[in-house]
Amino acid sequence: MSEYLSTTFDKFELRVRTGYYYTEDGLWISMEEGRVRVGVSDYVQRTGGDVAFVELLKPGSTVERQGEFGTLETAKTTVSLLSPMSGTVEEANGRLVEKPELVNSDPYGEGWLVTLAPRKLENELKTLMSADGYFELMLKKLETEHEKLEVR
Amino acid sequence: MKTTMQKKVIVIPCSGIGKALGSVSREATYEVVESLRKGVTDTTCLALITSGDEETLQLVKTNKCITVDGCPLQCAEKNLKLAGGELAASFRVVDTLKENRKLKPKSVTFLDRDGQELASLLAKRVAEKVDELLK
Amino acid sequence: MVDLPEKKVGIISCSGEACVEGTISRVATRLVLEKLRPEETVTICLPLFLAGGKEERAFAKCYPTITVDGCDKLCAKTATERYSGKPASSIVITDLTRNPGCSRSGRRKLDSGALGLAEKAAERIAKEVDGVLDHWR
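Residue numbers (this note's numbering), protein chains in the order written: chain A, 1 to 152; chain B, 1 to 135; chain C, 1 to 137.
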């Protein structure tokens, strides 16, 4: 299986990492031993613009599914980060303080946001989309929301 | 009597055309070169540096240069270094944005008020660096 | 597998800050992108293109490009030919101004005359876009 599903819009390649799960807002989780790692999709970073600030809940904080666990402040706007799952924040990516641009350059890797110890993993996993499902949603969004893409 | 060319600091913006931050880099450069430090600074086209224009390469190799990049991709700094220019300092618009979170430039073609203000703040910092370099 | 987008034309502007013609080329390109042919065009950021931007170079290799240069140094055209291939069309602003060289005056903020020229240049670019797309079809 290929590591990414991808499509091109204008000159941009937009990728969806396979094996991850996604919310409709474009937050992803990857499963790790006893925890999940959370980040934003390529589509979110591309439409949001250059990230200047990342604010995240501190380790030890609890969050409910769809509760705000942080914000991404870009040159254009502020993106509210809504948690894909309920749980406790174990780690917040400290590198993003000095290098918030990692969210843009490597959204599925070094640009990860937090890790969570999930409280309702089995139930809440059912509310998320597979990579294929999110990819289809992204294609639909591109048809209607393409003016948000930077750079035109 | 032989006259020597006065050294200037060359301020080089990225001038990225697709993002408002590129327009801010351009405006900040003009503010420095045409207003704040007129006469002791100059600018040149980044593309001329990269295309190997002899006169431009001579300019950036014999004078101290400051690059002003819009975003973290830092095209001006990268291209100047590749061409062997004398990079004395580099600035990124996004760093000034971090210190002035309310200023979010929306338009690219003609800068809006936030963009103008951001450019002005950045220009002041570049001008201070020019003073340091000319000491 | 990467899908190729629908037919679009990439516009590469010199955007040079040393003279007013560079600013005119920038504004003209943006006018095409935002107003005249927003669905049919994409801008290729020249600094990013020169620095090795993958998306910029890949697009310019696969799709037709129009270069817009401020002066006869032809930075945008030369870079495109070097890194991606011959542009479908090339426009030089000093050809439109009929000035022999480029001018520093008014480069920061276009006056009404220069803005009018940018608008004319934008119309010309838009016609070139139409021609390129017709030929492609």
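I should point out that these hints are in silico values taken from the structure, not numbers from a laboratory.
Any given hint could turn out to be false.
Here are the simulated DSSO-like pairs of lysine-lysine, each with C-alpha atoms no more than 27 angstroms apart in a straight line [unchecked claim]:
1. K135/B / K8/B
2. K76/A / K38/B
3. K86/C / K109/C
4. K58/A / K98/B
5. K61/C / K81/B
6. K127/C / K35/C
7. K104/B / K141/A
8. K106/B / K64/B
9. K35/C / K7/C
10. K76/A / K127/C
11. K81/B / K106/B
12. K104/B / K7/C
13. K124/B / K78/B
14. K8/B / K99/A
15. K99/A / K38/B
16. K106/B / K61/C
17. K102/B / K64/B
18. K8/B / K81/B
19. K54/C / K7/C
20. K99/A / K54/C
21. K109/C / K104/B
22. K99/A / K120/A
23. K141/A / K109/C
24. K61/C / K35/C
25. K109/C / K38/B
26. K135/B / K99/A
27. K124/B / K106/B
28. K135/B / K106/B
Predicted, not measured: the structure shown is a model, and the values here were computed from it.
Structure-based check of all given hints:
1. Proposed proximity of K135/B and K8/B is supported: the alpha carbons are some 12 angstroms apart, at most 27 angstroms.
2. In summary, the hint linking K76/A to K38/B is not supported, as the alpha carbons are separated by about 32 angstroms, beyond the 27 angstroms threshold.
3. With a CA separation close to 32 angstroms, the supplied pair K86/C and K109/C exceeds the 27 angstroms bound.
4. Of the supplied pair hints, the one linking K58/A and K98/B holds, its CA atoms being roughly 21 angstroms apart against a limit of 27 angstroms.
5. The hinted pair formed by K61/C and K81/B meets the criterion: a straight-line CA distance of about 26 angstroms does not exceed 27 angstroms.
6. For the suggested pair K127/C and K35/C, the alpha carbons sit about 13 angstroms apart, so the restraint of at most 27 angstroms is met.
7. Distance check on the hinted pair: K104/B and K141/A sit about 24 angstroms apart at the alpha-carbon level, within 27 angstroms; holds.
8. For the hint linking K106/B to K64/B, the alpha-carbon distance of about 32 angstroms lies beyond 27 angstroms, and the restraint is violated.
9. With a C-alpha separation of about 18 angstroms, the suggested pair K35/C and K7/C falls inside the 27 angstroms cut-off, and the hint holds.
10. The suggested pairing of K76/A with K127/C is violated, with an alpha-carbon distance near 32 angstroms, which exceeds 27 angstroms.
11. Proposed proximity of K81/B and K106/B is contradicted: the alpha carbons are some 30 angstroms apart, above 27 angstroms.
12. As the CA atoms of K104/B and K7/C are separated by approximately 33 angstroms, the hinted pair breaks the 27 angstroms bound.
13. With a C-alpha separation of about 23 angstroms, the suggested pair K124/B and K78/B falls inside the 27 angstroms cut-off, and the hint holds.
14. Proposed proximity of K8/B and K99/A is contradicted: the alpha carbons are some 33 angstroms apart, above 27 angstroms.
15. Between K99/A and K38/B the alpha-carbon distance is near 34 angstroms, which puts this suggested pair outside the 27 angstroms criterion.
16. About 30 angstroms separates the Cα atoms of K106/B and K61/C, which puts this hinted pair outside 27 angstroms; it is violated.
17. Of the pairs offered as hints, the one joining K102/B and K64/B is violated, with about 33 angstroms between alpha carbons and a cut-off of 27 angstroms exceeded.
18. The suggested pairing of K8/B with K81/B holds, with an alpha-carbon distance near 18 angstroms, which does not exceed 27 angstroms.
19. Pair hint K54/C plus K7/C holds up; C-alpha atoms about 19 angstroms apart against a cutoff of 27 angstroms.
20. For the hint pairing K99/A with K54/C, the CA-to-CA distance comes to about 22 angstroms; that is within 27 angstroms, so the pair holds.
21. A C-alpha spacing of about 21 angstroms is found between K109/C and K104/B, which places the hinted pair at or below 27 angstroms, so the restraint holds.
22. For the hint linking K99/A to K120/A, the alpha-carbon distance of about 32 angstroms lies beyond 27 angstroms, and the restraint is violated.
23. A distance of roughly 37 angstroms separates the Cα atoms of K141/A and K109/C; the hinted pair therefore is violated under the 27 angstroms criterion.
24. This hinted pair checks out: K61/C and K35/C have alpha carbons roughly 25 angstroms apart, not beyond 27 angstroms.
25. Taken as a hint, the K109/C and K38/B pair is honoured in the structure, with Cα atoms around 17 angstroms apart against an allowance of 27 angstroms.
26. Of the supplied pair hints, the one linking K135/B and K99/A is violated, its CA atoms being roughly 32 angstroms apart against a limit of 27 angstroms.
27. The straight-line distance between the Cα atoms of K124/B and K106/B is roughly 22 angstroms, inside the 27 angstroms bound, and the hint therefore holds.
28. This hinted pair does not check out: K135/B and K106/B have alpha carbons roughly 37 angstroms apart, beyond 27 angstroms.
Hints 2, 3, 8, 10, 11, 12, 14, 15, 16, 17, 22, 23, 26 and 28, counting from the list given before, are not met by this structure.
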